[in-house]
Structures are given as structure tokens and as C-alpha cells.
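Protein chains: 2
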Amino acid sequence: MKPHEIEQKSMEIITKELGDRTFQEPEFSVIKRCIHTSADFDYADNLKFSSQSVRQGIEAIKRGAHIVTDTNMAFAGINKGVLGRFGGEAHCFMADEDVALEAKERGVTRSTICMERGANLSGEIIFAIGNAPTALIRICELIEEGKIKPALVIGAPVGFVNVLESKERLLSMKDVPYIVAGGRKGGSNIVAAICNAMLYEAKKEEASERV
Amino acid sequence: MKPHEIEQKSMEIITKELGDRTFQEPEFSVIKRCIHTSADFDYADNLKFSSQSVRQGIEAIKRGAHIVTDTNMAFAGINKGVLGRFGGEAHCFMADEDVALEAKERGVTRSTICMERGANLSGEIIFAIGNAPTALIRICELIEEGKIKPALVIGAPVGFVNVLESKERLLSMKDVPYIVAGGRKGGSNIVAAICNAMLYEAKKEEASERV
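Keeping their order, the protein sequence lines are chains A and B. Numbering-wise, the first sequence is residues 1 to 211 according to the numbering used here. Numbering-wise, the second sequence is residues 1 to 211 according to the numbering used here.
What the hints contain is simulated information worked out from the structure, not anything from laboratory work. On a predicted model such as this, the values are computed, not experimentally measured, just so you know. Any given hint could turn out to be false.
Put simply, identical chains are the same to the list, so a pair is met inside one copy or across any two.
Stated by the list, open to error - With a straight-line Cα cutoff of 20 Å, these simulated EDC-like cross-link-like pairs (lysine to aspartate or glutamate) come out:
1. 16 to 5
2. 48 to 7
3. 104 to 5
4. 204 to 165
5. 203 to 5
6. 147 to 205
7. 2 to 105
8. 48 to 97
9. 203 to 27
10. 2 to 98
11. 80 to 97
12. 80 to 175
13. 147 to 5
14. 2 to 102
15. 203 to 105
16. 2 to 59
17. 62 to 124
18. 48 to 209
19. 2 to 97
20. 9 to 165
21. 149 to 5
Generate coordinates for the entire structure from the input sequences, incorporating the hints supplied.
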């Protein structure tokens with residue numbers, strides 16, 4: 001079996017095991033890819049989408065939106081080839097030395113600085129948070145301060161401290177397109193899966209529009 | 001709260017929620033870090049360790065073992081700074097162009113070739129499989145053929161096709177130190193967490209040995 005056949009078969013198994021439950025597209029493609037990357041069926045229940053957020057994410061990608069993430073693992077997992085077809089780039093500033101320096105000077109987390117760096121990029125931005133609640137909180141602040149208007153915020157920090165609070169804050173905001181991994185769950189693999197689900201959908205739609 | 005305080009608090013919460021259950025060290029540090037990275041308490045039950053395998057992994061790291069993984073995300077997540085303190089390096093050959101070429105020529109997966117490249121490295125090797133069942137199967141074959149004798153095999157491919165079979169094969173082997181994520185679960189975040197748990201333990205032990 002070739003890799004794409006294995007993936008197709010996996011998606012069929014996931015769909016079958018979800019039984020009679022019905023999900024709308026394109027949200028379902030995001031849900032399936034999160035289960036595919038984790039084998040954790042909780043993602044059938046715990047992903048929260050603002051109205052049309054996946055569609056908005058796909059359209060932003062097609063217009064060349066950039067993706068800014070707070071985790072090097074998600075950065076490694078995001079399909080930068082497909083993103084680049086549309087003119088977008090993926091960014092993660094976590095390993096930058098000057099980020100560490102500024103974080104120390106200001107007494108904030110590196111994730112906070114990373115989001116500020118992302119906010120300074122030009123063009124449309126999808127913020128994809130898979131690790132740090134402080135990154136997600138900084139994004140919410142920057143939106144409230146009127147400094148950014150993200151194409152989409154993926155709020156999926158994973159963990160046990162401040163994680164729920166940061167997600168609640170995003171969920172309470174008006175007019176911000178979001179995809180949130182509810183509860184404690186999320187992580188770099190989930191963030192990469194959400195981004196890739198939208199990227200592959202954008203690629204598929206582009207191919208069918210060309211025919 | 002600083003990052004290390006958040007991590008400590010998270011580990012306390014995980015320990016508390018595991019209630020009266022008792023786990024041995026150093027296995028428990030691996031279990032906790034897998035839960036920490038996924039917020040998935042299934043990892044309290046589904047990790048399988050051969051006798052003393054975590055101890056063997058830690059000691060191999062202290063002697064400068066390399067880590068070879070089949071996923072760029074795990075490679076990104078493994079703490080290469082700590083690994084380097086002991087003289088080890090992390091390797092992932094998945095993105096190499098000549099790996100893709102050879103895989104195509106021979107009609108096998110890139111993951112298969114990656115493991116063969118890893119097998120050719122000198123020194124002690126920890127193989128850390130977080131994606132491809134074919135990578136894990138190739139490792140088992142190379143062991144059976146007497147071509148390699150890994151310090152440790154981390155068998156944690158995630159998914160729905162051929163995953164269980166590849167793990168069963170590893171579990172059935174004699175005299176191979178293993179850590180396996182049972183069932184369908186695993187993935188790049190889990191593999192990185194398992195490696196990092198051992199790395200941090202090695203670092204801690206080194207520090208206390210110095211005192």
C-alpha cells in the first residue's frame with residue numbers, strides 16, 4: 001500500500017467508526033485529520049468552530065495567508081510546500097535568539113514575543129497556537145487593542161495550567177474566526193493537522209477549479 | 001508563572017489525577033510526559049516497557065547514543081541540546097532528496113530507507129518511530145538479520161493501517177529493549193515526549209552525580 005492509499009483507508013476507518021454521526025464539511029475534514037494524527041476520537045467532540053471558520057481559513061490560504069505558530073514541532077509538521085503554492089509562508093520565531101533576549105528583558109514568555117513578531121508581518125495571518133496559553137492570551141490582547149485582525153485563530157494549547165482560561169478568552173471574543181481544541185487537549189500535532197486539513201482542502205479545490 | 005513552574009505544576013496535577021495508582025520510576029517519568037504532551041490519560045495504561053528499557057535508554061543517552069526518528073516533527077521536538085551534552089545527535093532522514101529517490105527506485109517507503117540510513121550510523125542508536133509502521137517493521141527485520149542491535153526501540157507509530165501489526169512484531173521479539181505505545185496511539189509528540197523524559201532524567205542524574 002502506498003502512503004496516500006494508507007491515508008485514504010485510514011480516513012475511511014475513522015468515518016466508519018464515527019458511525020451514524022454526521023458532520024458538516026469542511027469541518028469534518030479537520031476533525032478526521034485530528035483523529036488521524038492522534039488516534040484520539042475525543043476530537044470528534046471537542047473541536048469548536050466559529051461559524052464558517054474552516055471555510056474562512058481555506059479561503060485565506062488560497063489568498064496567500066501566512067501561518068504563525070508558537071511551536072517548532074507544528075512548524076515542522078505544517079505542509080509548507082502546499083502553503084507556498086498559494087504564496088503563504090509558515091513562521092515560528094520560538095528558536096530565535098533575539099526572541100529569548102527580549103522575553104528575558106521584558107519578563108514575559110518567548111511565546112508572547114513570538115506572537116508579537118507574527119503580528120508585525122504584513123498580509124493575512126492565521127495564528128496557530130499549539131503550546132503556550134500565553135501565546136493565545138497575547139493574540140486575544142492584540143485583537144482587543146485593535147492591532148491585528150487575524151484571518152483565523154487556531155487555539156489548541158495543550159495542558160493543565162492556564163490552558164482552559166486562555167481558550168475561554170478566545171471563545172468569548174466576538175467576530176474572531178476560531179478553531180479551538182476544547183478542554184486540556186490540543187498540541188503541536190493537532191495544530192499541524194488542523195492547518196494541513198485546510199491546506200489539502202485548498203489544494204483540492206484549486207485542482208478542481210482548474211479542470 | 002515561569003515555564004518550569006508550569007511544567008512542575010502540570011506534573012503534580014497529572015500525578016494527583018492518577019490517584020492511588022502507583023507506577024515505578026523511571027517509567028513513571030515517561031508516562032507523565034506522554035500525558036503532559038497530549039492531555040490524554042490513556043497513556044497511563046497503554047505504554048508497554050520491556051524490563052528495564054527506560055533505564056537502558058537513559059544509560060545509552062549518558063554514553064552518547066544517537067536518536068534516529070522517522071518524523072521531522074519528533075526531530076523538531078527532541079531536546080537536541082541535552083542530547084548533545086552527552087555527545088549524541090538526533091537524526092531524521094525523511095526530508096533528504098536521495099532518500100526519496102532511493103525509495104522510488106526500490107519501491108519501498110521513505111521511512112524504510114530512513115531506518116537503513118540510521119542503521120549505518122556508528123555508535124549506539126535509539127530508534128524512535130512515531131509515524132510509519134514500515135519504519136518499525138524495517139527495524140525488526142534489521143535486528144532479525146543481525147545487522148543492528150539497538151540500544152532501545154521506541155515503537156509508537158500512530159494510526160489505523162498496519163500499526164497494530166508492526167507493534168505486535170516488535171513486542172514479540174526477544175532481547176530487544178522497547179517502549180511501545182499500545183494500540184493505535186502514538187505519534188510524533190509521543191515519541192518526542194518519551195525521548196525528552198529520558199533526556200531530562202539523564203540530565204538530572206548527571207547533575208546529582210556531580211554534586
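Outcome of the hint check:
In this assembly of identical chains, the alpha carbons of residue 16 and residue 5 lie at most 20 Å apart only when taken from the same copy (16 Å versus 43 Å across copies). Taking CA atoms no more than 20 Å apart as the test, residue 48 paired with residue 7 passes in neither setting, with 24 Å inside one copy and 26 Å between copies. In this assembly of identical chains, the alpha carbons of residue 104 and residue 5 lie at most 20 Å apart only when taken from different copies (16 Å versus 48 Å within one copy). For the homomeric pair residue 204 and residue 165, neither the shortest alpha-carbon distance inside one copy (36 Å) nor that between copies (32 Å) is at most 20 Å.
Only within a single protomer do residue 203 and residue 5 lie at most 20 Å apart by alpha-carbon distance; the minimum there is 18 Å, versus 42 Å between protomers. Within a single copy, residue 147 and residue 205 get their C-alpha atoms no closer than 32 Å, and across copies no closer than 47 Å, so neither meets the 20 Å cut-off. In this assembly of identical chains, the alpha carbons of residue 2 and residue 105 lie at most 20 Å apart only when taken from different copies (14 Å versus 50 Å within one copy). For the homomeric pair residue 48 and residue 97, neither the shortest alpha-carbon distance inside one copy (35 Å) nor that between copies (39 Å) is at most 20 Å.
Within a single copy, residue 203 and residue 27 get their C-alpha atoms as close as 16 Å, which meets the 20 Å cut-off; across copies the closest is 43 Å, which misses it. In the homo-oligomer, the alpha carbons of residue 2 and residue 98 lie at most 20 Å apart only across protomers (19 Å), although the nearest pairing inside one protomer, at 43 Å, exceeds that limit. Proximity of residue 80 and residue 97 under a CA criterion of 20 Å is satisfied inter-copy only: 16 Å between copies versus 23 Å inside one chain copy. Proximity of residue 80 and residue 175 under a CA criterion of 20 Å is satisfied in neither setting, with 28 Å inside one chain copy and 41 Å between copies.
Taking identical chains as interchangeable, the C-alpha atoms of residue 147 and residue 5 are never at most 20 Å apart, the minima being 44 Å within one chain and 31 Å between chains. For the homomeric pair residue 2 and residue 102, the shortest alpha-carbon distance between copies (15 Å) is at most 20 Å, but the shortest distance inside one copy (46 Å) is not. For the identical chains of this complex, residue 203 and residue 105 are neighbours neither inside a copy (42 Å) nor across copies (27 Å), given an alpha-carbon limit of 20 Å. Within a single copy, residue 2 and residue 59 get their C-alpha atoms no closer than 30 Å, and across copies no closer than 38 Å, so neither meets the 20 Å cut-off.
Taking the shortest Cα distances, residue 62 and residue 124 sit within 20 Å of each other inside one copy (11 Å), while across copies they are farther apart (46 Å). With identical chains, the CA atoms of residue 48 and residue 209 are never at most 20 Å apart, being 29 Å at best within one copy and 48 Å at best between copies. When the C-alpha separation of residue 2 and residue 97 is checked against a cutoff of 20 Å, the pair qualifies only between copies, where the shortest distance is 18 Å, while the shortest distance within a copy is 41 Å. In this assembly of identical chains, the alpha carbons of residue 9 and residue 165 lie at most 20 Å apart only when taken from different copies (16 Å versus 37 Å within one copy).
For a Cα distance limit of 20 Å, the shortest separation of residue 149 from residue 5 qualifies neither inside one copy, at 39 Å, nor across copies, at 32 Å.
The structure does not agree with the numbered hints 2, 4, 6, 8, 12, 13, 15, 16, 18, 21 stated previously, though it agrees with the rest.
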